[in-house]
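Asks: The lines below spell out each chain.
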Amino acid sequence: MIEIQNVSKSYNKGTVRAVDGLDLTVNPGEIFGFLGPNGAGKTTTIKLIVGLLRPDSGTILVNGVDNQIAPFRCKAMTTYVPDNPDVYERLTGMEYLNFIGDVYGVAGAQRLERISRWADIFEIAANLGNPIQSYSHGMRQKIVLMAALLPEPEVIVLDEPLVGLDPRAAHELKQAMHDHCRRGGTLFFSTHIMEVAEKLCDRIGIIHHGKLVASGTMPELKANAGSDQSLENIFLEATEK
Amino acid sequence: MSRLWSLVRVDIKNHFAFAALWWQIRHNRNRWRTLAIVLLVTVAMLPLMYAFFLFINSLYAILHAVGQESALIVMGVIAGQMVIFILGLFYVISAFYFSNDLERLIPLPLKPREVVVSKLIVVIINEYFTIMPVVLPCLLGYGILARAPLDFWILLVPVYLLLPVIPLTLSALLAIGLMRVVNLSRQKDALIIAGSLLLITLNILFQMRTHQEGDNAAIVRLFAEKDGLVQMIGRNFPPSKWASQSLTLGFSPGGLLQLLLLAGVSGLSVFGMIALAEKLFYKGVIGLSEIAAKRRKFSPAEMEKRISSGRHPIRAIFLREVRLMNRTPIYLLNGVLVGVIVPAIFLAGAKSGAGGSLVAVFKRLESAHATTLILGLAAFFLVCGCINGTASSTFSREGRHFWLSKVIPVPWRQQVAAKFLHSYVVSLIGIVAAAVVAAVAIGIPAASMVLAALLALAGSAALNVAGMRIDLARPLLKWTNPAQAIKQNLNVVFAMIVDLGFMAACGFLAHYLINAGLSGTLVYFVLLAVASAAAWIAWRELLTFADKKYSGIEA
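Those protein sequence lines, which keep their order, are chains H and V.
Going by the numbering used here, the residue at position 226 of the first sequence is 226; the numbering climbs one at a time, nothing skipped.
Going by the numbering used here, the residue at position 106 of the second sequence is 106; the numbering climbs one at a time, nothing skipped.
Quick caveat, the hints were computed from the structure, so don't treat them as lab data.
Every residue, glycine too, gets a C-beta built ideally from N, C-alpha and C.
Nothing false has been slipped in among the hints.
Derived SDA-like pairs (lysine to any residue); straight-line CA-CA distance at most 20 Å:
#, chain 1, residue 1, chain 2, residue 2
1, V, K294, H, S136
2, V, K549, H, D66
3, V, K297, H, S136
4, V, K549, H, D56
To spell it out: a stretch of chain H is covered by chain V in this simulated footprint if at least three of its residues, at any positions, have a beta carbon under 8 Å from a beta carbon of chain V; those stretches are:
#, region
5, 52-66
6, 75-85
7, 91-97
8, 108-121
Short, incomplete list of chain V residues facing chain H, as computed with Cβ under 10 Å:
#, residue
9, S309
10, R327
11, T328
12, G552
13, E554
Starting from the given sequences, assemble the full structure and let the hints guide the process.
Replies: Next up, the structure:
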């Protein structure tokens, strides 16, 4: 569960408010899609959740634990995929996954089973012995996703996870996201692809100028919009100004 | 030409990050603190600068007594050009071949020579700052002490501006040739390291040949002739002679001729490099990031072997640090191998006879006081152990990957401990290399070596922690090529100043205690206790600082 309570974050001595009094709850077993135009505050919100940024005010709770007061308890429950798969290029894929397994305390047997399974699903098994430097963008995205799935955390936070993935890998990821939530996990992800958000998410939030301008299930969003519109139209209306 | 000029302007702005700096000064909440730190460091450097001035002053007096005062200019020029030639090679390789912007520049309709010239200009500007502390004190010291005429001061500007051009273009020629060969190979990183080491070895051999001319007859000739030293050095590396003589001879026809030679050969070397770059640069750079990769799936047994059974996070981070450092050529050369190269230079010098001075220094120390040999040896070990920038760039080297350190569930203190262990192991390599030199070249007794090594180990623990503390205070995470994280990182310079200050303080303390009549054993144990206490206090402070600082670094 993720609870964002009245969180604000600004840059440039407060002149740019990236996130402005954001209130949001993502329940266990829920896939939450986070939409917004470029510069609306999506990545800042995500970085605040995973502890890469400190909020100016407000509280973020991960499964009831304040991520400013007990950051390492929160980190142990959360994995994160950034919008750009920048990882240690000089390590091999296997070394990188082992590093993640070590720091998250994943036992050897579980590690073997999960890495083997995900490597086969993402069709990356033949590349695990090679340096990440030799990977294509899509393969880097796959290795970062595998690292996020390896500890089987309670909360997964993904920033535009489908960018660069081939259709088969994208399909497998969506399946994995569903499986994670079926097990009671929480999933928060940002995307620009409306169709994916519409089909995949239990609830959707739209952020604009740092404020949450719409939030709810797809039927709730449609009801609030006052007509049977597509998510794309709801998004365009909500972010018009 | 306008295209080249635009490229140069963009490259300079990108490299020196003027816009980002100006933005930070205007918008950063901590700007006053940053300015205060810079001011504090500058003030802390004043005693060192004063000590250096005293050294230049006494050197001038000695040289003046034998009519060789212009040798001060030669020393400055030679030291500057040698620094450029040895370190410039890594820098040129890094700037020309490993800049992040190359992927964006190559698809543009630019000629290879335009890209190379813009990179060369940035490298040259950077070298003006690098050689400043080595060259300027000698040249300015001579100018002031010799009451040099106006033409000296006027010529100082073009000579200083031309000084790095020839050594850097020579480095660039070697780098372009080396990287063309490297790009043909599948094991590119290994070849870069091997090639760079080969070129450094050749350079050391060249230096040894230069020094080997110092037999007694040659020394007599050296001092008998006016400008004898300039002439001797000029035979081995004429640009140093041209630079020195254009300053000493001033506006006389002879002086202007020397300046003309320096400028002409500099221009020719640049044109030569441009011609070679036009043919070979893109062949060396395109495909350089492609590395040997075989597609082969692990068998179940292999997979099981390669899956770690669960290391402690400190061990996992230590292993990550080792792998990332050793697999990045610029880090390996500047961080690990420099600790071996520096003692190797001493060893080569001692074996060729030119480093006799080092042997003589230790013999004099031995005869002065039993303890001074151990202390001198410990200082030598400490220099070799801490000359690398591993600790003072440990956070900066993470660069854009720093987000990983922030999201993993490993407490900051454990991350700091792993990084300290890595830096300390690198220091150990330098200390062991220095101990080998001391044993082979100087023949120091084993007992003295052990005592000196213990002192150096305590000292290097304190200095590694200090280096990490400096880097954590303001890590340089935004860089365009890895050399910026270790070679052009001010944190590394600040850490070296702290290293020098620490060693000077220990030296003064030892001097005071010996003069106060304390026994050698007691002096040694006092210093060991002081170094150990400094390490412990610095370590506790670093951990407390890490708790505060780490979470505030926005990645």
